[in-house]
Amino acid sequence: MNRVYKVSELVEEIKWFLEDTYGAVSVEGEASEVRYSQKGHLYFYLKDEKAILKVVMWAGMVVKLPFKVEEGRVFVVTGNLTIYPVSGSFQLEARKIEPAGIGALKLALEQRKKKLQEEGLFDEEKKKPLPLVPQRIGVITSLEGAAIKDFLKILKECKVNTHIKIFPSLMQGKGALNELIEGLDYFEKEEVDLVVITRGGGSFEDLMVFNEELLVRKIFGYPKPVLSAVGHEIDVTLCDLVADIRAATPTDAARIIKNRLEEVLEKILEFKDELEDFILQKLEREVLKIEKFAAILSLKNLKRRVGEYFERIKYYNLKLKESQSKFIFKKGENLKYLNYNLSRKFYNFSFYHRERISNIKIKLKNIKFYIMQKKEKIEEFKSGLNHLNVKRTLKRGFSILRKDGEILRDSEQTKIGDNIEGELYKGRIRCQITKKEG
Amino acid sequence: MPDNKKGGLTFEKAMKRLEEIVKKLDEGEVPLEESIKIFEEGMELVNFCQSKLQEVEKKVEEIIKKSEEKSRKENDDNI
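Chains as they are written, first to last, in our numbering: chain C, 412 to 849; chain Z, 89 to 167.
Quick caveat, the hints were computed from the structure, so don't treat them as lab data.
Possibly wrong hints are sitting among the right ones.
[Claimed, not checked] The calculated DSBU-like cross-link candidates involving lysine-lysine, where the alpha carbons are at most 30 angstroms apart (straight line), are: (1) Z:Lys-111 x C:Lys-576; (2) C:Lys-814 x Z:Lys-112; (3) C:Lys-507 x C:Lys-426; (4) C:Lys-700 x Z:Lys-104; (5) Z:Lys-101 x C:Lys-537; (6) Z:Lys-125 x C:Lys-450.
None of the values given here were measured: they were computed from a predicted structure.
Construct all of the structure, not just a fragment, from the sequences and the given hints.
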């Protein structure tokens, strides 16, 4: 007969067995269902493709974790396997949690950076510009490092004087954060245009102080522009990100300041040159104008002017005369023209009439000729008549019959009842046709 | 910020005014009398800006911190 356990007895036995057998174990897996309780305890599951393991970390340990356990990230959890009798669940009580593949500090930094970025601490539009004249400079740095030497070396060459106040501070390790904050507090009250925080390159751990949230927030709310030049180009700290101006190295920081100051100086000198040039040119133009007026007004010029006027008057006089004679000439021309016109018209007129007269003459000649012709015809008729000697025929007893003056040669020329005239050798008779034959 | 207060005039204001003046003179025909006035104002501003720049002496100062902090620092250095 098997032994019948009470639940608590069995669970307790397994719990002891587990704790004795395994002791401390390290397990790697992906975090899921992460939950931070109100009391600060941390609960989540570690899982892989095939299984899950419940993990718990008590609040006292959780506060020492620099980062937050994130869903989906792979962690290596070290702790003891145990059973929580109240729920009967088997779980890993974590003493240490480390992100896999990345240091805990790096993860912590990553998470902090993300958080501050979301808060807008690194926003460009919230940054203050480099002052126009960053001449009084507060520097927070270590007196021992090369950083301050590099920085001062560049500014010694600057054409514009600078007043540099150095606040010596630890730049790494314990106490560095306090001193950096203290330095910022100090320069807040001092008359400086710009505060520079600078140090040379270092390891990730060396530069860790420049990622402290306290420092980052202090710089974000700082009333004066802050230039951060921490480490080398590759070492971008949160201090660099939050600062108003960022330089890669201490030398670069000094160059930014030097360039600005020299630019301003140059600009002033440029303005000066432009002003002087302008006023000189302006005055030169005015002097030229005055000289021109003076030349015009000079006595010599006046005499010449009067002479010129005389010449002009003479010229006009001449012109006038010329135009007068031209005018007269013109009149003569007009008359000539008129005369010409008239004589021409007259000539045309007389020519026309002469033509007409000669035409008439010719016509008259023609008429004479015509009359002569007629006369000749008449003579011809006369002689013709003589030749015919009609009377003699009539004498011989012949008669001429006429109807309406027309000599009749055919009986057809008449009809019965027509009155006809008969010319005899002596006298004329009137007859009426009573019969027609043949 | 250097102490630029001199009748309310700051370095920045002076530079801005200078820029305006040069632009104005550059732009067009300013009558002679006015241009001389403007020129004088401009040269005053140039002098003001130059003197402001020269006012600052070339100086490097180390802030002496409180003695206890100094001794603490020395301790740290010794570690």
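Structure-based check of all given hints:
Our distance criterion of 30 angstroms between C-alpha atoms is broken by Lys-111 of chain Z and Lys-576 of chain C, whose separation comes to about 38 angstroms. Among the hinted pairs, Lys-814 of chain C with Lys-112 of chain Z is inconsistent with the structure: their alpha-carbon atoms are about 135 angstroms apart, more than 30 angstroms. Note on Lys-507 of chain C and Lys-426 of chain C: the hinted pairing holds, with a Cα-Cα distance of about 21 angstroms set against a maximum of 30 angstroms. For the suggested pair Lys-700 of chain C and Lys-104 of chain Z, the alpha carbons sit about 33 angstroms apart, so the restraint of at most 30 angstroms is broken.
Proximity of Lys-101 of chain Z to Lys-537 of chain C is assessed by CA-CA distance (about 23 angstroms); at most 30 angstroms being required, the pair is judged to hold. A C-alpha spacing of about 76 angstroms is found between Lys-125 of chain Z and Lys-450 of chain C, which places the hinted pair above 30 angstroms, so the restraint is violated.
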